[in-house]
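Visitor: For chain H, the structure is supplied; the task is to place chain A on it using the hints.
Chains as they are written, first to last, in our numbering: chain H, 1 to 311; chain A, 1 to 353.
Take these hints with a grain of salt, some might be off.
Estimated spans, in silico, between C-beta atoms of each pair [said to hold, decoys possible]: (1) A:N113 x H:W88: 16 to 26 Å; (2) A:E193 x H:V285: 42 to 52 Å; (3) A:A188 x H:W161: 49 to 59 Å; (4) H:G41 x A:S35: 18 to 28 Å; (5) H:G197 x A:N214: 54 to 64 Å; (6) H:I135 x A:N113: 45 to 55 Å; (7) A:G65 x H:P31: 19 to 29 Å; (8) H:G165 x A:N132: 47 to 57 Å; (9) H:W88 x A:P48: 42 to 52 Å.
Since the hints were derived computationally from the structure, they do not count as laboratory data. Computed from a predicted structure; not experimentally measured. Every residue, glycine too, gets a C-beta built ideally from N, C-alpha and C.
Chain residues, written in single-letter form:
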Amino acid sequence: MASFRLGEFLSRYVAYLALIAVVAVFGMLSPDRFLTFGNLGVILQNSAVLAIVAIGVTFIIIGGSIDLSVGSVMALAGAVAASFAGDWGAFAIVLAPLVGLALGAINGAIFVLARIPSFVVSLGMLSIARGATIIFTGGSPVSIPLTSSYEIFGIPPMPFWIAAGVAVVMGALLAFTTFGRYTFAIGGDEEKTRILGVPVDKVKFAMFALSGALAGLGGGILTSQLGSGSPTVGTGFELLAISAVVIGGTPLTGGSGSILGTVVGSLVIMTLANGLVIMGVSSNVQTVLTGLVLIVAVMISIRRGKLRIIK
Amino acid sequence: MKFATNRRAVIRLAGLAVALATGLFSATSLTYADSVKIGVSIPTLDNPFWVNAVKFAEHAAKELGVELTVVGADNREDKQLADVQSMLSAGVNALVVTPQSTASAPGLIKLANRANLPIVIVDRYPGFDPKNADAPYVAFIGPNDVTAGRDIAQFLASQGAKKMVGIGGLPGSSVAEGREKGLREGVAASGVELVQYVSGGGESEDNGYQTMQNLLSAHPAGSIDSVWCYNDALCLGAFRAIKQAGRSDEIKLGGMDLVPQVLELIEQKTNMVFSTGGHWLQLGFGVMIAYDKVKGHDPINDVVRLDLLGVNSANFAAFKQQFIDNAPPYDVKEYTLTNNPATKSQTFPLATK
Numbered sequence: 001m002a003s004f005r006l007g008e009f010l011s012r013y014v015a016y017l018a019l020i021a022v023v024a025v026f027g028m029l030s031p032d033r034f035l036t037f038g039n040l041g042v043i044l045q046n047s048a049v050l051a052i053v054a055i056g057v058t059f060i061i062i063g064g065s066i067d068l069s070v071g072s073v074m075a076l077a078g079a080v081a082a083s084f085a086g087d088w089g090a091f092a093i094v095l096a097p098l099v100g101l102a103l104g105a106i107n108g109a110i111f112v113l114a115r116i117p118s119f120v121v122s123l124g125m126l127s128i129a130r131g132a133t134i135i136f137t138g139g140s141p142v143s144i145p146l147t148s149s150y151e152i153f154g155i156p157p158m159p160f161w162i163a164a165g166v167a168v169v170m171g172a173l174l175a176f177t178t179f180g181r182y183t184f185a186i187g188g189d190e191e192k193t194r195i196l197g198v199p200v201d202k203v204k205f206a207m208f209a210l211s212g213a214l215a216g217l218g219g220g221i222l223t224s225q226l227g228s229g230s231p232t233v234g235t236g237f238e239l240l241a242i243s244a245v246v247i248g249g250t251p252l253t254g255g256s257g258s259i260l261g262t263v264v265g266s267l268v269i270m271t272l273a274n275g276l277v278i279m280g281v282s283s284n285v286q287t288v289l290t291g292l293v294l295i296v297a298v299m300i301s302i303r304r305g306k307l308r309i310i311k
Numbered sequence: 001m002k003f004a005t006n007r008r009a010v011i012r013l014a015g016l017a018v019a020l021a022t023g024l025f026s027a028t029s030l031t032y033a034d035s036v037k038i039g040v041s042i043p044t045l046d047n048p049f050w051v052n053a054v055k056f057a058e059h060a061a062k063e064l065g066v067e068l069t070v071v072g073a074d075n076r077e078d079k080q081l082a083d084v085q086s087m088l089s090a091g092v093n094a095l096v097v098t099p100q101s102t103a104s105a106p107g108l109i110k111l112a113n114r115a116n117l118p119i120v121i122v123d124r125y126p127g128f129d130p131k132n133a134d135a136p137y138v139a140f141i142g143p144n145d146v147t148a149g150r151d152i153a154q155f156l157a158s159q160g161a162k163k164m165v166g167i168g169g170l171p172g173s174s175v176a177e178g179r180e181k182g183l184r185e186g187v188a189a190s191g192v193e194l195v196q197y198v199s200g201g202g203e204s205e206d207n208g209y210q211t212m213q214n215l216l217s218a219h220p221a222g223s224i225d226s227v228w229c230y231n232d233a234l235c236l237g238a239f240r241a242i243k244q245a246g247r248s249d250e251i252k253l254g255g256m257d258l259v260p261q262v263l264e265l266i267e268q269k270t271n272m273v274f275s276t277g278g279h280w281l282q283l284g285f286g287v288m289i290a291y292d293k294v295k296g297h298d299p300i301n302d303v304v305r306l307d308l309l310g311v312n313s314a315n316f317a318a319f320k321q322q323f324i325d326n327a328p329p330y331d332v333k334e335y336t337l338t339n340n341p342a343t344k345s346q347t348f349p350l351a352t353k
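Chain H extracted, bound-state conformation (with noise of 0.2 Å):
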């Protein structure tokens, strides 16, 4: 009979008990309130776009890398789109994703070839996209005419469905793809992995694109949520989608993770923000609680065995 080690049980599964820890409390302390479909219908469209971002991180985090640039390039895809929903209407959704890769790529490319660490990178880019975006709007926000088919990605439950089909096809490519079982060899041990002869350059370039793709979709539809491309939005969304990473259950050195895991991860901080406001305690302690959650969770999951130095 195996024995049942509870150290392990916790640790793999940290993300779905956290959630269920979060919907308990709130559901014996707001019973009516937020324990309705409706609400819980609520929770899952405000988690969609947070979810479709930090998906894309996922690949980055489970390569071993880091990628802080997800907010700003949310915002410049977001206003590439509204500038253009005017006149092509719903159809400009499809510049989002893809000024996102371009922006992807361009990380990527800088990483593998200038051998300049991720952080660094992506930190440069969050810089200089969200730059990019003031001077594309000039400072003032992309009206989307009212009319416009473009708010069609905005309206529930579209964002859901979105994001539900970004989930599926991104946990499929990571766990069933070759592409998907190098992203975790060379989080796991990247000498070892280039040795073998796996074309490491490319998997992380294409990693960088993807998620840049992610990060775009992701501020295609915020932008249609809010009815304008503006200059000032997804500023700090990078650490949410590291915390819903990280909260999932995937650890910050790489090698393993989860999408499912990540969208846990998403739903697990959207419900604490939802909770809270429907008990009507103030935002600033919301901030506090999302911190600790974050830490708790990391403490819970974080495997001490295989991670001797802990930086």
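Guide: Chain A alone, transformed into the frame defined by chain H:
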């Protein structure tokens, strides 16, 4: 089944316990049965202006018997969207919202429209009329930014200013643009030279500090004598920079928002000489208008631009006693259609009695 307890598992269990405990301790909720519930969403709770605004809104709500939920968006458009959706889900009867930016206003209004609930927009004008066909809202209430900007400039001129620099708000915000327009009108009318106008790069004290340092370097002693600030936070930073440069004797400052630290500086008769505001009351006025709408009364005016109260060292004492130390000397109920159908205005005048 064998439970393998080891240090790792204990740490993890402790973590779970902490998680549950933090969840339980965050519970505070007062509910009044059957009362009107209004959800208020503002850009941030970090700013003394908004803290004052919320205080007065809560005072107005208490007088009217309204249950208020107030949420700050940490200056993030995406959080404000999520907040408003959560409030709608929590079952509010109406929304009073200050959009984080003009950009996010349409999205927020449409959220309320889809839920068939009234929404009042406060402080940042969405760019279109309340009665438009695609994204209608009940009313807009905000400061008359142009008059405010002009008043600051003209007061500084009346104190002898001849060469002014302006530190402005974020480009793209209707508020910043309105105040800049007022500045230029005021400067033109008083014959003052506007030496330079720059955006502060943000609306916080640090932005004002850094921008002023740059301006002081660009304009050496004798070339400027006054600073027009988009808001008090920028002015506080600029005041600090001027003091550090040792030029407090030659440069006067004027701002907006009537923030406590600035009021202290005005009271002490420093070179921070003027601030205009009182428009933090607009959040409470918004609640009053929303309350009336829920009770079935359309607003008297659907676009309200408040003329503001200028405070300098002369009228400071009266202002402090009537607006800061006590709730403003007006009966909230009398300015609502529900309790007083004969009222001519849903906002009381901002003036020292």
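Visitor: Work down the list of hints and note, for each, if the structure agrees.
Guide: These are the hints, each one checked on the structure:
Checked against the hint of 16 to 26 Å, the pair N113 (chain A) and W88 (chain H) passes, with Cβ atoms roughly 24 Å apart. A hinted range of 42 to 52 Å holds for the C-beta pair E193 (chain A) and V285 (chain H), which are about 49 Å apart. Between A188 (chain A) and W161 (chain H) the beta carbon distance is about 55 Å. The supplied range of 49 to 59 Å therefore holds. At roughly 26 Å, the beta carbons of G41 (chain H) and S35 (chain A) sit within the given window of 18 to 28 Å.
Distance hint check: the CB atoms of G197 (chain H) and N214 (chain A) are about 55 Å apart, consistent with the given range 54 to 64 Å. In this structure the supplied range 45 to 55 Å is violated for I135 (chain H) paired with N113 (chain A), their Cβ-Cβ distance being about 33 Å. For G65 (chain A) paired with P31 (chain H), a C-beta distance near 25 Å keeps the hint of 19 to 29 Å intact. Judged by the Cβ atoms, the range 47 to 57 Å given for G165 (chain H) and N132 (chain A) is violated: they are separated by roughly 34 Å.
A C-beta distance of roughly 44 Å is found between W88 (chain H) and P48 (chain A), which places it inside the suggested range of 42 to 52 Å.
Hint check: violations occur at hints 6, 8; the rest are consistent with the structure.
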